[in-house]
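**Q** Here are the chains, one letter per residue:
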Amino acid sequence: MARDTETVTGELLDESAPIGLKQLCEICGIHADYVVEMVEAGIIQPQGDKPTMWLFSAVSVMRSSKALRLRRDLDINLSGLAVTLDLLDRVDALQDELKSLRQQIEKLQA
Amino acid sequence: MQFKDYYKVIGVAEDASADEIKKAYRKLARQHHPDLSKDEGATERFKELGEAYEVLKDPAKREEYDQIRNYGAAEGEEFRPPPDWRSNADFGGGGYTEADAAGFSDFFQSLFGQRAAGSAHGRHEPGAARFALRGEDIHYRIAVTLEESYHGATRAISLQSHRIDEQGRVLPDIKKLNVKIPMGVTQGRRIRLKGQGGAGIGGAANGDLYLEVDIRPHALFSVDGADVSLVLPIAPWEAALGSTVKVPTLSGSVSLTIKPGAQAGQKLRLSGRGLPGKVNGDQKVSGDQYVLLKIVMPKVVSEEDRALMAKMREQMPFNPRETLGV
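Top to bottom, those sequences are chains F and E.
All the letters of the first sequence, read from the start, carry residue numbers 1 to 110 under my numbering.
All the letters of the second sequence, read from the start, carry residue numbers 1001 to 1326 under my numbering.
If we strip away everything but chain F, and leave its shape as in the complex, we get:
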């Protein structure tokens, strides 16, 4: 299918505008009850004191979708999801640090 190549500008996820509870439910295809449970489990942390005021960052949206995929595919419950996501974040941070340190060592040995 030949089509003209479009030029698109993305937005950095951690800089994009936050969204409300209703939109989060629509994007993730879940009920508000489950969002409340995810917030209570500490999987996502909205700004705002009560559900009607809640604002979720785009990173929270990603985290929610990831949590939902893991729940669907691996049958992980809420507290398991919270632990899994935290550990994944730590693994990511450690891997980045390790990669950077390895590069430095390589250059010191060169």
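These are calculated hints, taken from the structure and not from any lab test.
The model shown is predicted, which means the values in this text are computed figures rather than measured ones.
Don't take each hint at face value.
Said to hold, decoys possible - Straight-line alpha carbon distances no greater than 20 Å define the calculated SDA-like cross-link-like pairs of lysine to any residue that follow:
| hint | chain 1 | residue 1 | chain 2 | residue 2 |
| --- | --- | --- | --- | --- |
| 1 | F | 99 | E | 1143 |
| 2 | E | 1267 | E | 1231 |
| 3 | F | 22 | F | 5 |
| 4 | F | 66 | E | 1246 |
| 5 | E | 1194 | E | 1173 |
| 6 | E | 1057 | F | 104 |
| 7 | F | 66 | E | 1138 |
| 8 | E | 1175 | E | 1188 |
| 9 | E | 1176 | E | 1193 |
| 10 | E | 1038 | F | 94 |
| 11 | E | 1038 | F | 73 |
| 12 | F | 66 | E | 1043 |
| 13 | F | 66 | F | 102 |
| 14 | E | 1047 | F | 65 |
| 15 | E | 1057 | E | 1038 |
| 16 | E | 1176 | E | 1192 |
| 17 | E | 1027 | F | 68 |
| 18 | E | 1246 | E | 1225 |
| 19 | E | 1194 | F | 6 |
| 20 | F | 66 | E | 1017 |
| 21 | E | 1176 | E | 1155 |
| 22 | F | 66 | F | 76 |
| 23 | F | 66 | E | 1027 |
| 24 | E | 1267 | F | 104 |
| 25 | E | 1047 | E | 1034 |
| 26 | E | 1047 | F | 75 |
| 27 | E | 1047 | F | 69 |
| 28 | F | 99 | E | 1257 |
| 29 | E | 1194 | E | 1235 |
| 30 | E | 1294 | E | 1257 |
| 31 | F | 66 | E | 1235 |
| 32 | E | 1267 | F | 65 |
| 33 | E | 1176 | E | 1190 |
| 34 | F | 66 | E | 1231 |
| 35 | E | 1176 | E | 1186 |
| 36 | E | 1038 | F | 50 |
| 37 | E | 1027 | F | 70 |
On the provided structure of chain F, position chain E as indicated by the hints.
**A** Leaving out everything else, chain E in the frame of chain F:
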């Protein structure tokens, strides 16, 4: 199309119990889940697993599959369903499973039918509720060089995707895009391209495309977030006596003053010489460049060189192994 040996995919014997299949599937699913594994091909492997499990976990589908398998089909062979083949599973009717059949192989669809997008509701009566489903989000990793991040860049990418034709069939498609890489992107950050994901069905919105940035290794610099590090080789006398030396940075070379008595492993900071940050009010928060000193010995070639070194040995009592207690 090729025959798929679902037992092999899950790694169980053909007489495995439902429980054994479940256990084997779970173990492999944890191993290859795209959210848990960074391996290339994890997504493909996970899809294959899902497809195999979809068939083997269900006694009716498994029995039908076994019939086909015993009918003489073998792994990798060209496969054609028997002429009068009709699955009782009737996947084509829609709603048979929660799984997304559009992602399954042709082989699967030839056996169990295709829940072609929208087809279950395609013949809807006027006024009946229309079937609509938001397109799926697509995730990709994108390799970005340090220079591209520093200056910003536009990159051509092509992605495998699919589109849906008027009959509601799902067709493979290659999608080409020029993507603007924002200045200063760092490892692991995600760029969201709204509406560039999978096509929505029945008038629903398209999914989004997410690009996860993977900073490529650089010949000179190593990167940690917005900070870059450089190992700077210096001569022993530059370290001992101090010196002003040229240092490469992402924005060209700068002069760096090394104080007398510098040691190997010392770290110097060039403030604001890392990846550019975003402008925050009137402040711009950029990363820094760290310079790690490495003292390099000159080659001793001539008699004079040797004499110089010997003189240092005699004139400068020095035990570099003092801290080792020897």
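**Q** Now tell me if each hint is right for this structure.
**A** Results of checking the hints against the structure:
1. F:99 to E:1143: 15 Å, holds
2. E:1267 to E:1231: 9 Å, holds
3. F:22 to F:5: 34 Å, violated
4. F:66 to E:1246: Status violated; Cα separation ~47 Å.
5. E:1194 to E:1173: Given pair residue 1194 (chain E), residue 1173 (chain E) holds - Cα atoms ~19 Å apart, limit 20 Å.
6. E:1057 to F:104: Roughly 49 Å separates the two Cα atoms, so the pair is violated.
7. F:66 to E:1138: 12 Å, holds
8. E:1175 to E:1188: 23 Å, violated
9. E:1176 to E:1193: With a Cα-Cα distance of about 13 Å, the restraint between residue 1176 (chain E) and residue 1193 (chain E) holds, given a limit of 20 Å.
10. E:1038 to F:94: With a Cα-Cα distance of about 14 Å, the restraint between residue 1038 (chain E) and residue 94 (chain F) holds, given a limit of 20 Å.
11. E:1038 to F:73: 17 Å, holds
12. F:66 to E:1043: 14 Å, holds
13. F:66 to F:102: 29 Å, violated
14. E:1047 to F:65: Holds, at roughly 18 Å.
15. E:1057 to E:1038: 27 Å, violated
16. E:1176 to E:1192: 16 Å, holds
17. E:1027 to F:68: 19 Å, holds
18. E:1246 to E:1225: Roughly 24 Å between the alpha carbons, so the hint for residue 1246 (chain E) and residue 1225 (chain E) is violated.
19. E:1194 to F:6: Holds. Residue 1194 (chain E) to residue 6 (chain F) sits at ~13 Å (cutoff 20 Å).
20. F:66 to E:1017: 31 Å, violated
21. E:1176 to E:1155: Since the Cα atoms of residue 1176 (chain E) and residue 1155 (chain E) sit roughly 10 Å apart, the hinted pair holds (cutoff 20 Å).
22. F:66 to F:76: 12 Å, holds
23. F:66 to E:1027: 19 Å, holds
24. E:1267 to F:104: 12 Å, holds
25. E:1047 to E:1034: Roughly 10 Å separates the two Cα atoms, so the pair holds.
26. E:1047 to F:75: Roughly 16 Å between the alpha carbons, so the hint for residue 1047 (chain E) and residue 75 (chain F) holds.
27. E:1047 to F:69: 13 Å, holds
28. F:99 to E:1257: 29 Å, violated
29. E:1194 to E:1235: 53 Å, violated
30. E:1294 to E:1257: Roughly 15 Å separates the two Cα atoms, so the pair holds.
31. F:66 to E:1235: 51 Å, violated
32. E:1267 to F:65: 41 Å, violated
33. E:1176 to E:1190: 19 Å, holds
34. F:66 to E:1231: 38 Å, violated
35. E:1176 to E:1186: 24 Å, violated
36. E:1038 to F:50: 37 Å, violated
37. E:1027 to F:70: 14 Å, holds
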